[in-house]
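Trainee: Each chain, written out:
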Amino acid sequence: MGKAKTSKAGLVLRLYVAGSAPNSLSAIANAKAICAEHFSSGHELEIVDLLEYPLRALADGVVVTPTLLRLSPLPVRKVIGNLSDAKQVLLALAGK
Amino acid sequence: MTPAGALGAGRQITPANYALEVQHTRDVEQQLSEAKATIEALLSGQIDAVVDSKTQSPVLLSKAQDALRASEERYRRIVETTNEGIATIDTEGKITFVNGRLSEMLGYPAGELLGKRSSHLEREAARANTVARVERSRQGSSEETELAFVRKDGSEVWTLLKTSPIHDTNGTFVGTLVMITDRTHHKQAEEARHLAVEAVRTSEAEFRLLAEAMPQIVWITRPDGANVYFNRRWMDYTGLTLEESLGDGWTKPFHPDDKPVAWQAWQNATATGGTYSIECRLQAADATYRWWLIRGVPVKNASGTILKWFGTCTDIDALKQGEVRLRDSEGLLRIAGRAARLGGWTVSLPDLRVTWSDEVCAIHEVPPGTEPSLAQAIAAYAPEFRETIREKFEACVRDGTPYDLELQIVTATNRRVWVRTIGNAERSASGAVTSLRGAFQDIDDRRKLQEQFRQAQKMEAVGRLAAGVAHDFNNLLSVVLCFSELAIDALKPGDPLRADIEEIRKAGNRATALTGQLLAFSRQQVLEPRVVDLNDIVGAMKPMLSRLLGEDIELTVLSPRPVGRVLVDPSQVEQVVMNFAVNARDAMPNGGMLTIETSNVTLDEAYVGKPAEVPPGRFVMLAVTDSGVGMTEATRARIFEPFFTTKEKGKGTGLGLATVFGIVQQSGGYVSVYSEPNHGTTFKVYLPRTDRVAEVSYSNAPATTLNGSETILLVEDEEQVRTVACAILRRHGYKVLETSNGGEAYLVSSDFPSAIDLLLTDVVMPRMSGRRLAEQLAPERPKMRVLFASGYTDDAIIHHGVLEAGVAFLHKPFTPQALLRKVRDVLDAAAAK
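Line order of the protein sequences matches chains Z and E. In this text, residue positions in the first sequence follow numbering that gives the first Met the number 0: the first is 0, and each later residue adds one. In this text, residue positions in the second sequence follow numbering that gives the first Met the number 0: the first is 0, and each later residue adds one.
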């Protein structure tokens, strides 16, 4: 069913992390694992280091890392944390 | 613009913008949801970094966390290593944190404590307090309290609890911090201290109770002498209040004489730390003094410093008084013992240790305190008594037989002394003899007096015998002498019978002399004292003495003139000199010298050489000294005893010196004798000097005639004497009224019409004495003279052997010559007046 969604509208994700901080590293790993499993094709995952682009984070309304943004489909959704709870992450990404 | 900016307030919701508003609401919800997620992530530690909205720069949370973690670690270490129990309790009273020390303190694993209500760790009864405390904490108060927790194993742990509220940065109450200190040890120490205090308080109470109950005074004094405690007894006795007695008030009741001694004793005791002990007088409330024994002991700390003195005062007055009385009575006993020469001795068994009192030592003439052996004590007796004392002593030791003996000891200065020794056995409870005790008295003086008394009694007895015999004997001799004389007169010269009768008369004369001597030594002789000059008597005797002594003995008479006069019976003094001369002659069988000396002597107490037997006074001394064999002490002691003689049997009567002694004593004089074997003997006679003028006796001039014609009333109970006297008087011309007793004489006198010139009466007669008769007749016949006739002294007419002045006396036995002369003298004296 996730396939259907992703194919219908392209999934664009942006993950803000803070360098190689522990939670950030786990969030990157968890995000890639979830995407690979549920959105094998038709998704974009951009990883942005807050320490390098703090202004981008501010522009996206991100104040803490790790924060995962669903930029598309709209509305924008945010998932905050190290994304260790995959179920919670999928629920958030699926929201309208 | 931030998405949050779309949430700007004050936007009007209108139908035109409803869709926008819905969208906006969704956005807000979205934002809230994100915020919540952010917070949750933050809280769960999933956040690495945040963007500081003010600086628009990122902040890595991991660094902050590291710092925080390091800080936390420091605190954790502090919290875990501290000896205090630490916990946090939330607003509900549940435990949110405990450190290791607290879980150890409470005996629970840390995990079990978290989430527990703290109040459940307490005793049921205390829980309400805890709840209240949490409430007070909520209101912001910090507290400190002591309470007991119950450990998991049920035991209690006493703690000191400090609570303080925890507020967050906004000041909101979020819980309570609890710091817990284990007070169990402290508590135990406290309890021990409490117990100790209690024990001290109890023991002090017990001490006071004991002190108050004691019959003695009890006191406590500081080392400086200041008193800090007295029991009731002190106040009761001294009448002082406690306030008056404390400090140095205790010195007040001391007797002034005892204060220096008490102070000295106190100084010594405090200086040496020894026991204080003194006997002294304390004044009672009624101002009297009693003796007390005061004792104190120092109480020292571990290092030996005196902290205080505990003491008592014990009333020893009765004891002390007893002691004083004992000392007094011992003193009295000692004085009495000395006066009576009486001491005591003991011999303990079985060691036979001898003790002598001072007086016993004095009697033995050894130093006081001498402790002789038993053998020495027995050897102190004169040899002839040692066996006796040994036997008696042994019997007393063996079976307790007491003894009471009079024996002689020989003292250290070799004097023989009579003693009385009394021995008694002391027995133990079982009856065994444990010691001997006895008295020991010098009775030498008593024995001497006894001896003298015995001697005097002997003399007295002999005297009475002599007097009794003499009365009858004199009558018989009067008859013999008178009739033999009458017979001679009747016979013609040359008649052969005349010589025979002459022998009878001589025998009669010797018998008369003997009777006279008997009466003389027994001092029963009648003396006719006159004031005479001794030189006259001695001078007149010289030729007679020379003949008596013979040619081998040279007689010297030293009679310096003038010599004092004496009142004596001259014939008796002649007798004394004669007796001395005879003894001297017998003491000088091979010849020698006899010196007779007279002199005046005045003896006073200080006169050196005054014989002990002579009292002070003025005397005329007659000394008779021979150069004969002398006498031993033993002989000298007995020479005045009647019938004592050193001469061969038949040579002496043993009456010579006894007669001298009797005569001198009867004359109021004294005799002393000094003699040494082979160095002769000196007798000294001391006769009291008189100031009266010497008289010339008419008897010295014999009456010219023995005849007379006067009427004589003759009273004589002895018929033969009466007959011969009557015959003699009638033959010489007298008219004689002859009666045999006083009553008859009285009747004859009454019936006789004419004058009676002389009453010649015997003195000693039955029923009425001669003296009595004379008194009865005197009123009727005032001119009648009286002549008494007697053989010995009798108090009827004579006092102590000396004739009353003016009383005429005819010695029995008498010769016709003596009778006639005496009768003529009395009648002529009457006529001369």
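No wet-lab data here; the hints were simulated from the structure. The reader is advised that the hints may include incorrect statements.
Claimed, not checked - Calculated pairs, EDC-like style, for lysine to aspartate or glutamate (alpha carbon to alpha carbon, straight line, at most 16 angstroms):
1. Lys77(Z) <-> Glu28(E)
2. Lys541(E) <-> Glu573(E)
3. Lys161(E) <-> Glu143(E)
4. Lys151(E) <-> Glu123(E)
5. Lys161(E) <-> Asp181(E)
6. Lys77(Z) <-> Glu573(E)
Trainee: Now, for every hint given, state plainly whether the structure supports it.
Mentor: Verification of the hints:
1. Lys77(Z) <-> Glu28(E): This hinted pair holds, its Cα atoms lying about 12 angstroms apart.
2. Lys541(E) <-> Glu573(E): At roughly 11 angstroms apart (the allowed maximum being 16 angstroms), glutamate 573(E) and lysine 541(E) satisfy the hint.
3. Lys161(E) <-> Glu143(E): Between lysine 161(E) and glutamate 143(E) the Cα gap is close to 4 angstroms, so the pair holds against 16 angstroms.
4. Lys151(E) <-> Glu123(E): Status holds; Cα separation ~15 angstroms.
5. Lys161(E) <-> Asp181(E): 12 angstroms, holds
6. Lys77(Z) <-> Glu573(E): Given pair lysine 77(Z), glutamate 573(E) is violated - Cα atoms ~191 angstroms apart, limit 16 angstroms.
Comparing the model with each numbered hint stated earlier shows that hint 6 is the single one that does not hold.
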